[in-house]
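**Q** Chains as they are written, first to last, in our numbering: chain A, 6 to 345; chain B, 6 to 345.
Heads up, a few of these hints could be off.
Which copy is meant is left open, so a pair is good if it fits within one copy or across any two.
Stated by the list, open to error - Simulated crosslink set (PhoX-like; lysine-lysine; CA at most 25 Å straight-line):
hint : residue 1 : residue 2
1    : 266       : 181
2    : 181       : 7
3    : 233       : 203
4    : 164       : 233
5    : 95        : 277
6    : 292       : 233
7    : 105       : 62
8    : 7         : 292
Quick caveat, the hints were computed from the structure, so don't treat them as lab data.
There are 2 protein chains.
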Amino acid sequence: MKAAIGVNGYGTIGKRVAEAVRSMPDMELKGIVKYTPDYTVITASRQGIPVYVPEGKEGLFEEVGVRPAGTIEELLKSVNLVVDASPGGKGALNKPTYAKWGVKAVFEGGEKPDVAEVSFSTLCNYNEGLDKRYIRVVSCNTTGLLRLICLLDRHIGVKRVRAVIVRRASDPKEDKGIVNTIKLDPPAIPSHHALDVKTVLPNLDIESVALIAPTTLMHVHIVYVRLKRESNLNEVIELLSSIPRIALIEASRMGLDSTGKIVELARDLGRKRYDIYENIVWRDMVKVDGEDLTIVQAVHQEAIVIPENIDAIRASLGLASNAEESMELTDRFLNIGLLR
Amino acid sequence: MKAAIGVNGYGTIGKRVAEAVRSMPDMELKGIVKYTPDYTVITASRQGIPVYVPEGKEGLFEEVGVRPAGTIEELLKSVNLVVDASPGGKGALNKPTYAKWGVKAVFEGGEKPDVAEVSFSTLCNYNEGLDKRYIRVVSCNTTGLLRLICLLDRHIGVKRVRAVIVRRASDPKEDKGIVNTIKLDPPAIPSHHALDVKTVLPNLDIESVALIAPTTLMHVHIVYVRLKRESNLNEVIELLSSIPRIALIEASRMGLDSTGKIVELARDLGRKRYDIYENIVWRDMVKVDGEDLTIVQAVHQEAIVIPENIDAIRASLGLASNAEESMELTDRFLNIGLLR
Numbered sequence: 006m007k008a009a010i011g012v013n014g015y016g017t018i019g020k021r022v023a024e025a026v027r028s029m030p031d032m033e034l035k036g037i038v039k040y041t042p043d044y045t046v047i048t049a050s051r052q053g054i055p056v057y058v059p060e061g062k063e064g065l066f067e068e069v070g071v072r073p074a075g076t077i078e079e080l081l082k083s084v085n086l087v088v089d090a091s092p093g094g095k096g097a098l099n100k101p102t103y104a105k106w107g108v109k110a111v112f113e114g115g116e117k118p119d120v121a122e123v124s125f126s127t128l129c130n131y132n133e134g135l136d137k138r139y140i141r142v143v144s145c146n147t148t149g150l151l152r153l154i155c156l157l158d159r160h161i162g163v164k165r166v167r168a169v170i171v172r173r174a175s176d177p178k179e180d181k182g183i184v185n186t187i188k189l190d191p192p193a194i195p196s197h198h199a200l201d202v203k204t205v206l207p208n209l210d211i212e213s214v215a216l217i218a219p220t221t222l223m224h225v226h227i228v229y230v231r232l233k234r235e236s237n238l239n240e241v242i243e244l245l246s247s248i249p250r251i252a253l254i255e256a257s258r259m260g261l262d263s264t265g266k267i268v269e270l271a272r273d274l275g276r277k278r279y280d281i282y283e284n285i286v287w288r289d290m291v292k293v294d295g296e297d298l299t300i301v302q303a304v305h306q307e308a309i310v311i312p313e314n315i316d317a318i319r320a321s322l323g324l325a326s327n328a329e330e331s332m333e334l335t336d337r338f339l340n341i342g343l344l345r
Numbered sequence: 006m007k008a009a010i011g012v013n014g015y016g017t018i019g020k021r022v023a024e025a026v027r028s029m030p031d032m033e034l035k036g037i038v039k040y041t042p043d044y045t046v047i048t049a050s051r052q053g054i055p056v057y058v059p060e061g062k063e064g065l066f067e068e069v070g071v072r073p074a075g076t077i078e079e080l081l082k083s084v085n086l087v088v089d090a091s092p093g094g095k096g097a098l099n100k101p102t103y104a105k106w107g108v109k110a111v112f113e114g115g116e117k118p119d120v121a122e123v124s125f126s127t128l129c130n131y132n133e134g135l136d137k138r139y140i141r142v143v144s145c146n147t148t149g150l151l152r153l154i155c156l157l158d159r160h161i162g163v164k165r166v167r168a169v170i171v172r173r174a175s176d177p178k179e180d181k182g183i184v185n186t187i188k189l190d191p192p193a194i195p196s197h198h199a200l201d202v203k204t205v206l207p208n209l210d211i212e213s214v215a216l217i218a219p220t221t222l223m224h225v226h227i228v229y230v231r232l233k234r235e236s237n238l239n240e241v242i243e244l245l246s247s248i249p250r251i252a253l254i255e256a257s258r259m260g261l262d263s264t265g266k267i268v269e270l271a272r273d274l275g276r277k278r279y280d281i282y283e284n285i286v287w288r289d290m291v292k293v294d295g296e297d298l299t300i301v302q303a304v305h306q307e308a309i310v311i312p313e314n315i316d317a318i319r320a321s322l323g324l325a326s327n328a329e330e331s332m333e334l335t336d337r338f339l340n341i342g343l344l345r
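The shape of chain A in the complex, shown without the other chains:
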C-alpha cells in the first residue's frame, strides 16, 4: 500500500515536492494546500492535483475555476505524513495542527532546527530519520555541502572544511534582488551555512563565508576540504562519480563553464523548469594535493533539496530501511543523473 502524503504550501519547494511524490512508486499525493488562489492553483489543478484550502476560503478558489477538494483538516485526516513547504518560520506554527491530527511532518531548512527531532541529509544520517515524527530537511546550500562532505567522510575521512558560498540573489520568479553589487550575507564569519551543517554533523570543523551575487540561476560553492589522509585526483573523481546526485561535468571540454550554461544544458535535456537535483561539480575545478582537496560546484537552489525531501518521507514512514535503498528509488524515479 502506498503512503499517503500531503504537501502544505505550494511555492518553490512545495510544488516540486508534490510532483516528486507523485512520481514515486511507494507514495501517493493526496493533495496540496494552497492559501491564495494565484496561478499555481491552475497549474496544480491542470495536473490533477487535489487542492485543499483553509476553511471558509473555498469561494475564492471557485472564482478562478478551481473547486477545492476540501479543507486543510480534511487533507490532514487522510495522510500519513505532510511535507510542510510553507514560508520559513511558518512550519513551526503549523506543527501543533499536525500533532493534533497525529500526522508526521517533514519540515524545510527555513525552519529552526528545534522544529524537528532531527535535521536530515540522506547521505549523512538517513538512519537517524528512521521512524521519526518530525524531520527537518536542511536548506539548499547545506544540502549541497553535506552531500560532498558525507560522501568524502564515509570513504576517505574529512578533518576540516572551509566553504565560500556565492549565493544567487533571488529565484527567477521573485523579481527583487541585488543589482550590480556584491553583498556580504551575513557580514560575519561563519555564515549560517556552517552552523546548519553542524545541525547534521555537530562535531565537524567547518567555517563558511557567504556572499550574494546579482544572479538568479544557481549558487556556487568553493569548498576547501582537509582530508583525514592523503588522496589523489583519481580516487576523488571516482568517489564523486559514484552517486547520481553528484554530476561531474567538464567545464572546458564541454563548454559548461558557467551557471548559465549548466541551466541551458538542463533546458536542452527537457528537465521540467530546468530543475537540477544534482550537485554540479566541475571536474576541471577539483584539485587534490595530498590531504588538501579543493572542489567548486554549482547548486540549483530551487530543486536540490527535493530528493532529500523524498528520502526524509521514506525514513519517517520506514518505507526504506537505509539510505541506499531510498536513494535508489528516489534517483531512479526522478531520473537523477545529469548526462549519465
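Chain A is fixed; fit chain B onto it per the hints.
**A** Here is chain B on its own, set in the frame of chain A:
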C-alpha cells in the same frame, strides 16, 4: 628637479596614472599619448594635460578641437620614464621604441612578466625595483592580494594562501559583460592570480580560484592564510590598520556590507570617479583561529594599482630609497586612507 614622466595610453589606468603623477611633488607629467580622438582627449585637454599623438594623425585631433603637443617620439625624447598603459600585450610591442629613445618604462599587469626585469608590488619588493629600466606593476587582483600577504608576511609570517576571487564582470564604461550567470574564470585551478602573485613571491604556497559575477563595481576576495605562528584578532587588526593602503571598515555598524555601499561612501567622500586606492577589508570578516586567518576584502579594479605605479616610477628613477619613503609621499599626495 622633478622627474619627467610620460604616459602612453589614456584608458582606465593611463588617465589615473597621469593624474596621480601630476599630484606628486617629485614628478612632472610631460604628457600623455592618445591614439584615437575620443572623449578622453577632451577631458585630458581640459585639465591642461599635453596630448601627444602618432605622427600623421594630428589632423584627426585638431578636428575635435585639440591641438596635439607633438608626436609620440617627441614625448619620449623629453621624459625620463614612460608608464605604458596601453592595452594588455601592446606594451611589449612598444618596448623597442622605449629602448631606442633610452627611456625607462613601467608596464602594467596585462603584460607578460618577461616584459620587465621585475614584477613589482611596493610592500613586497620595492628594493628590487630600484634603478631598474623596466618594471611591471602586477594587476589589480594581484596588487590587492600582495598588499595583504606581504604585510602579514613581514610581521607574522605567511606559510600558505588560498584565495577565492569573485571578479567584477566589466568596468562601468565597458558596456559588455556577463549577465545573470556566474562564470569560472578560468575553468581551472589555480587561476592566473596565484601565478601572478608568484612573479613577485616565487616561493609562496598559494592557490587561487576565480569566478566572475555580473557586476561592475569591485572585486571581492576571500583569503585564507595559514600563518607561520599563532596570532589573534587584535594583532591582525592592528597590523592591517597600520598602513593607509588598507582600509578597515565595519560592515554591520557602518552599514557598509556590499561593494555598492562602499562605492557610495567613496562618492560621498568626493573621490574623483569614486576611485578607491585602498584594499577595503571588512573588519567583521576578519577571523583568526590560531595560525588560521580568514580575510574578506573588496578591491576597486580601476584604481587600486595607481599607488603602486607611482612607487614603481620612484623605484626605477631612484626618487625614494625605500618603500616607506615612497609610500609616504604617494599616500599623502593621493589622499589615501579612506575614513582616516
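**Q** Please list, smallest to largest, the hint numbers that this structure does not respect.
**A** Hints 2, 5, 8 are the ones this structure does not satisfy, whereas the remaining hints hold.
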